[in-house]
Each structure stands twice: as C-alpha cells, then as structure tokens.
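**Student:** Here are the chains, one letter per residue:
Protein chains: 2
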Amino acid sequence: MFVAFQGEPGAYSEAALFEHYGSNVQSLPCLSFDDVFEAVNTGKAEEGLIPIENSLAGSIHRNYDLLLQNSLIVIGEHFLSVHHCLIGLPNSEIGRIQRVISHPQALAQCEGSLRRLGLVSEAVYDTAGSVKILQQRSDPTLAAVASRRAANLYKMKILLENIEDNPANFTRFLAIRPPTEKDHQDSRVPYKTSIVFALNNQPGALFKALSVFALRDIDLTKIESRPLAGKPWEYFFYIDFAGSIEEVKCSRALDHLKEYASFFRILGSYPRSQMPSEKP
Amino acid sequence: MFVAFQGEPGAYSEAALFEHYGSNVQSLPCLSFDDVFEAVNTGKAEEGLIPIENSLAGSIHRNYDLLLQNSLIVIGEHFLSVHHCLIGLPNSEIGRIQRVISHPQALAQCEGSLRRLGLVSEAVYDTAGSVKILQQRSDPTLAAVASRRAANLYKMKILLENIEDNPANFTRFLAIRPPTEKDHQDSRVPYKTSIVFALNNQPGALFKALSVFALRDIDLTKIESRPLAGKPWEYFFYIDFAGSIEEVKCSRALDHLKEYASFFRILGSYPRSQMPSEKP
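Sequence order for the protein chains is A and B.
Each step along the first sequence adds one to the number in numbering that gives the first Met the number 0, with nothing skipped, and position 246 is 245.
Each step along the second sequence adds one to the number in numbering that gives the first Met the number 0, with nothing skipped, and position 225 is 224.
Just so you know, not all the hints are guaranteed correct.
Pairs involving identical chains hold if they fit within one copy or between any two copies, as the list cannot separate such chains.
Unchecked claim - The calculated BS3-like cross-link candidates involving lysine-lysine, where the alpha carbons are at most 27 Å apart (straight line), are:
1. LYS131 <-> LYS257
2. LYS207 <-> LYS43
3. LYS207 <-> LYS257
4. LYS43 <-> LYS221
5. LYS221 <-> LYS257
6. LYS207 <-> LYS156
7. LYS156 <-> LYS257
8. LYS154 <-> LYS131
9. LYS207 <-> LYS248
10. LYS156 <-> LYS248
11. LYS230 <-> LYS156
12. LYS156 <-> LYS131
13. LYS154 <-> LYS257
14. LYS257 <-> LYS230
15. LYS230 <-> LYS154
16. LYS154 <-> LYS248
17. LYS131 <-> LYS43
In short, the hints are calculated from the structure, not lab data.
Keep in mind the model is a prediction, meaning the values are calculated, not measured.
Given only the sequences and the hints, what does the whole structure look like? Please build it.
**Tutor:** Structure follows, in structure tokens:
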C-alpha cells in the first residue's frame with residue numbers, strides 16, 4: 000500500500016505516516032500538499048496523510064481548503080510529538096556552527112535555543128530538505144533543524160536533541176482517501192467527526208449553529224474559519240466534534256445544523272486517536 | 000506623524016496607509032510585522048497599520064499573535080481593494096515575458112491569469128520587493144506582480160492590470176498605537192470592538208461565550224482561533240463585534256463573557272470603516 004505525504008524522505012509527515020500505518024507501507028513523497036491530494040485522487044497512492052494543525056503554530060490552512068476542494072474523506076487522525084534536532088556534518092562540532100537552516104516553522108519553534116547558541120537562521124522550504132542541503136553544501140559551520148530520522152537518513156550528525164522551546168509540540172495529521180461503499184464503524188471505540196459548513200450571514204448565525212451541539216452535550220474539539228472566496232467576510236466553518244455520525248444524537252445534531260446551513264458537508268467520521276506523551 | 004507598515008515602499012500596506020491617513024503622513028517601511036510593533040512600541044512611529052485579513056487568503060495569524068503579545072491598542076480599521084498588475088521593464092512587452100516573481104499570496108491570487116499566459120512563477124518575499132528585484136535583474140523576460148503604485152515608484156511598465164482571478168479581493172488593516180488616556184468616542188458613528196479571550200476547556204464553552212453576544216443581538220463580524228502555547232488544542236479566541244464598549248449592551252456582554260473566560264482583553268474599540276467598491 001502506498002501512502003502519500005508532503006516533504007522529502009525524513010520529513011515529520013513521513014515519521015507520522017510510519018507511526019500511523021506501521022512500517023510495512025510505502026511512503027510516497029510529494030512536493031506540495033496539492034500534490035498529496037492529487038496522488039490520492041489519481042490512485043498513485045491509496046491514502047494520504049496530511050498535517051492539519053500544530054499545537055504551537057496553529058492550523059495548516061491550505062489543507063483545510065484542499066479538503067473542501069477535493070472529494071476525499073477523512074478516515075483517521077494521528078498525533079505526532081515533534082522533537083527537533085540540531086544536525087551537522089559527520090565531522091562537525093557544536094562549537095563550529097555559525098548558521099542554521101530549516102523550514103521557517105521549525106526555526107520559529109527553536110528560536111530561543113538558537114538565540115542562546117548565537118546562530119544565524121536562514122529559511123529553506125522543508126525540514127528534511129534542510130538536511131539534504133546541509134549534505135550538499137558540505138559546510139562544517141552550517142547546521143540544519145530537523146528530525147532524528149532525517150539526520151540518520153542523510154547520515155548526518157546529531158549535535159543537540161530536543162531543541163524546541165516548548166516541549167508541548169504536537170502535530171495532528173489526517174488520513175485521507177477516496178470515499179468507498181459505506182464503511183463499517185467500530186462502535187467499541189470513540190469516534191470523532193469533521194464537518195464543514197457555511198451560514199447565512201445574519202446576527203447570531205454561528206451561535207445557532209453551535210447550539211445544535213451544545214444542546215445535545217456534544218463536545219467540539221476544534222473550530223476553524225476560512226474565507227468564502229467571492230463573498231468577502233463570509234466564512235466556511237470547519238468543526239471537529241467527539242462522536243460518530245452513526246450515533247443518534249450526532250446525526251440529529253447534523254440534521255439540525257442543516258436547517259441553518261447554506262452549505263454542509265461531512266468530511267469524515269473516524270476513530271479518535273490518543274495523544275502521545277510530551278516526553279521524547 | 001510617522002506610521003509604520005511592513006514591506007518595501009510601494010507595498011499594498013503603504014497604499015492602505017495613505018488611503019487611511021491621507022498623504023501628509025510619513026510612511027515608515029519595516030522588514031517584518033514584528034518590526035512594525037517594535038517601531039510603535041519604541042516611538043519611532045506614532046502609529047502602525049497592519050494587515051489582519053484578506054478576503055481570499057484569510058487571516059494573517061502572525062498579527063493576531065502580535066496583538067496579544069504587545070500592549071498596543073486598535074484604534075481604527077481600513078479596507079483596501081487589492082488589484083494586481085503584471086509589471087515588466089520599461090522596454091519589455093507582454094509577449095516576451097516567461098517568468099514572474101512576487102509574494103506567494105499575490106501569485107496564488109493570480110494563478111489562473113498566470114497559467115493562461117503560460118508563465119512560470121517564482122516566490123519572493125514581498126510584492127513591492129519583487130518590482131525592486133525586477134529592476135535590479137534587468138531581465139526583459141521577467142515580470143513582477145504588484146500594485147500600480149509599486150510599478151510607478153520603480154519606473155517600471157504595467158503590462159496588464161487587474162490580473163487577480165477574483166475581483167472581490169480586499170484586505171482589512173488595523174491601525175495600532177500605544178494606549179493613552181481614555182479616548183473620547185464619537186457616538187454619532189458606528190463602532191466595532193476587537194477582543195481576545197480564552198475559555199476553560201469544557202463542553203459547550205464556546206457556545207456559552209457566544210451566547211453573551213447572541214442574547215443581546217450583538218452582531219459578530221469575525222471569529223478567529225489561535226493556539227494557546229503549552230496547552231495543546233486549547234485556544235485564544237479573537238472576536239470582532241459591531242458596537243462600542245461605551246454602549247451599555249456591549250459592556251454588559253463583556254462583563255458576562257468574563258464570567259466564562261480564563262483570560263480576557265479588549266484589543267480596541269474604534270469607528271467602523273466602509274468597504275470600498277470592487278471596481279478598480
């Protein structure tokens with residue numbers, strides 16, 4: 000089975016992929032999030048795994064937009080504990096490092112550590128990609144910020160581990176694939192459901208929409224709004240809630256929501272994942 | 000009076016600045032949004048003007064985070080109608096252009112036009128900056144995507160106007176400055192208020208928070224959530240609502256909200272701005 004992810008081999012997305020699917024799947028690296036959706040749409044990969052939110056940096060909005068633009072469904076979630084390493088050439092030492100490259104997000108998450116080390120940061124397109132660049136440039140004063148896995152893959156040296164400023168650094172991933180015949184849900188495990196809807200622009204509209212959950216004691220785990228193109232300052236709302244669409248109170252809440260919604264779609268209903276521990 | 004903005008001279012932010020403040024103010028270009036806040040904090044500029052949301056691309060999250068991290072207040076808003084030009088060297092022609100540079104956001108907003116023209120896109124750090132690069136590289140097969148003002152400022156040629164795919168392209172800006180003695184509010188004009196709060200993580204918490212507005216018929220114009228660092232999957236909520244903190248029903252709503260909030264701050268209460276027409 001092929002699973003598509005965005006990034007170079009050794010990317011955090013690929014680490015999440017092997018954690019979620021096990022080591023027997025084939026990971027398919029894609030240049031962009033758009034390419035991950037395309038790979039799954041065209042059947043080059045059976046499934047895709049996309050980051051949707053980081054606990055420090057927030058939502059990955061492009062993937063919210065792509066979920067809406069494509070007709071793939073969400074069939075699972077995965078939480079990855081993100082730990083950054085400072086990586087140098089095999090013959091380098093921490094004292095020689097002057098400059099550091101990585102994805103802007105990773106650099107931002109290690110800002111305090113890098114400042115204390117007196118290193119100059121430079122943004123590149125990808126975390127694992129920064130290790131590839133390090134290897135190519137062969138400069139012993141240069142370091143990259145990426146995963147332990149990326150360091151091992153490119154045979155580079157880990158100079159420091161867990162250099163992130165905040166240890167509570169998690170990324171939530173969604174597993175996506177084309178919709179098939181009705182999936183059998185396992186009623187023994189807790190589910191989560193992801194939906195997207197738009198509302199008629201009137202006072203109290205969002206309050207009414209949230210009431211369908213609150214009045215049934217359904218717990219929302221996330222709300223996100225994205226612009227509705229062509230209608231300035233109107234929004235698509237993305238909501239995740241605890242529960243399965245096969246539970247009566249959830250299906251009633253969604254029927255109730257449709258009374259208010261000008262647009263409504265279920266993105267997926269899938270088993271809830273456990274959060275890993277913060278410890279590396 | 001000095002007003003700080005992010006970008007090179009000729010940036011959309013600078014255009015918004017002159018529209019909002021008139022042409023008699025001095026614009027102070029800053030490298031980053033952080034630098035705009037810093038310039039206002041240190042008094043290098045009396046005020047700053049920051050983009051907070053684009054009607055196609057969504058919120059500018061860094062500025063939400065900076066509003067919370069700094070103690071500046073919001074004293075006004077401005078809507079800019081965004082129109083992109085394809086800009087070449089003075090001696091260039093549209094038929095010669097092969098590649099185009101601009102900020103990724105501007106390139107994304109013109110994706111359809113650029114595809115029809117068969118141009119290869121390359122991301123750079125800034126829209127007005129892309130015109131500066133065009134001037135420096137002096138390559139007649141290269142074009143930039145930026146404002147009419149940026150083209151004029153760098154004495155470059157406008158090859159095509161209004162190349163954005165969606166004409167409903169607006170950016171909302173906020174004017175910020177340090178808090179002073181209680182400002183006098185003008186009760187003859189409609190106001191808007193921006194707040195940020197956090198909630199105890201329990202079922203129905205957001206519903207209760209929104210009820211304080213809905214039960215008083217106060218219209219929400221925007222809700223945004225940002226991660227609460229160190230508490231994975233808990234959020235700061237940013238809300239804009241129609242009304243002034245000097246109106247009784249609004250101040251009662253905020254007192255009511257404080258009963259539920261674990262954190263609460265008023266970012267500002269300021270006169271509402273008019274949206275410009277979509278026409279260039």
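**Student:** If a hint holds in the structure, say so; if it does not, say that too.
**Tutor:** How the hints compare with the structure:
Proximity of LYS131 and LYS257 under a CA criterion of 27 Å is satisfied in neither setting, with 49 Å inside one chain copy and 50 Å between copies. Taking CA atoms no more than 27 Å apart as the test, LYS207 paired with LYS43 passes in neither setting, with 42 Å inside one copy and 46 Å between copies. With identical chains, the CA atoms of LYS207 and LYS257 are at most 27 Å apart both within one copy (11 Å) and between copies (21 Å). Taking CA atoms no more than 27 Å apart as the test, LYS43 paired with LYS221 passes in neither setting, with 31 Å inside one copy and 40 Å between copies.
Within a single copy, LYS221 and LYS257 get their C-alpha atoms as close as 19 Å, and across copies as close as 21 Å, so both meet the 27 Å cut-off. In this assembly of identical chains, the alpha carbons of LYS207 and LYS156 never lie at most 27 Å apart, being 55 Å within a copy and 52 Å across copies at closest. In this assembly of identical chains, the alpha carbons of LYS156 and LYS257 never lie at most 27 Å apart, being 55 Å within a copy and 51 Å across copies at closest. Taking identical chains as interchangeable, the C-alpha atoms of LYS154 and LYS131 lie at most 27 Å apart only when both belong to the same chain, with a minimum of 10 Å there against 40 Å between chains.
In this assembly of identical chains, LYS207 and LYS248 lie within 27 Å of each other by CA distance both inside one copy and across copies; the values are 17 Å within and 20 Å between. When the C-alpha separation of LYS156 and LYS248 is checked against a cutoff of 27 Å, the pair qualifies neither within a copy, at 53 Å, nor between copies, at 62 Å. Proximity of LYS230 to LYS156 under the C-alpha cut-off of 27 Å is found in neither arrangement, the shortest distances being 51 Å within a copy and 32 Å between copies. Only within a single protomer do LYS156 and LYS131 lie at most 27 Å apart by alpha-carbon distance; the minimum there is 13 Å, versus 40 Å between protomers.
Proximity of LYS154 and LYS257 under a CA criterion of 27 Å is satisfied in neither setting, with 54 Å inside one chain copy and 54 Å between copies. In the homo-oligomer, the alpha carbons of LYS257 and LYS230 lie at most 27 Å apart inside one protomer (20 Å), although the nearest pairing across protomers, at 32 Å, exceeds that limit. In this homomeric assembly, LYS230 and LYS154 never come within 27 Å of each other (Cα to Cα): the closest approach is 50 Å inside a single copy and 35 Å across copies. With identical chains, the CA atoms of LYS154 and LYS248 are never at most 27 Å apart, being 53 Å at best within one copy and 64 Å at best between copies.
Only within a single protomer do LYS131 and LYS43 lie at most 27 Å apart by alpha-carbon distance; the minimum there is 25 Å, versus 42 Å between protomers.
This entry does not satisfy hints 1, 2, 4, 6, 7, 10, 11, 13, 15 and 16, going by the numbered hints stated previously.
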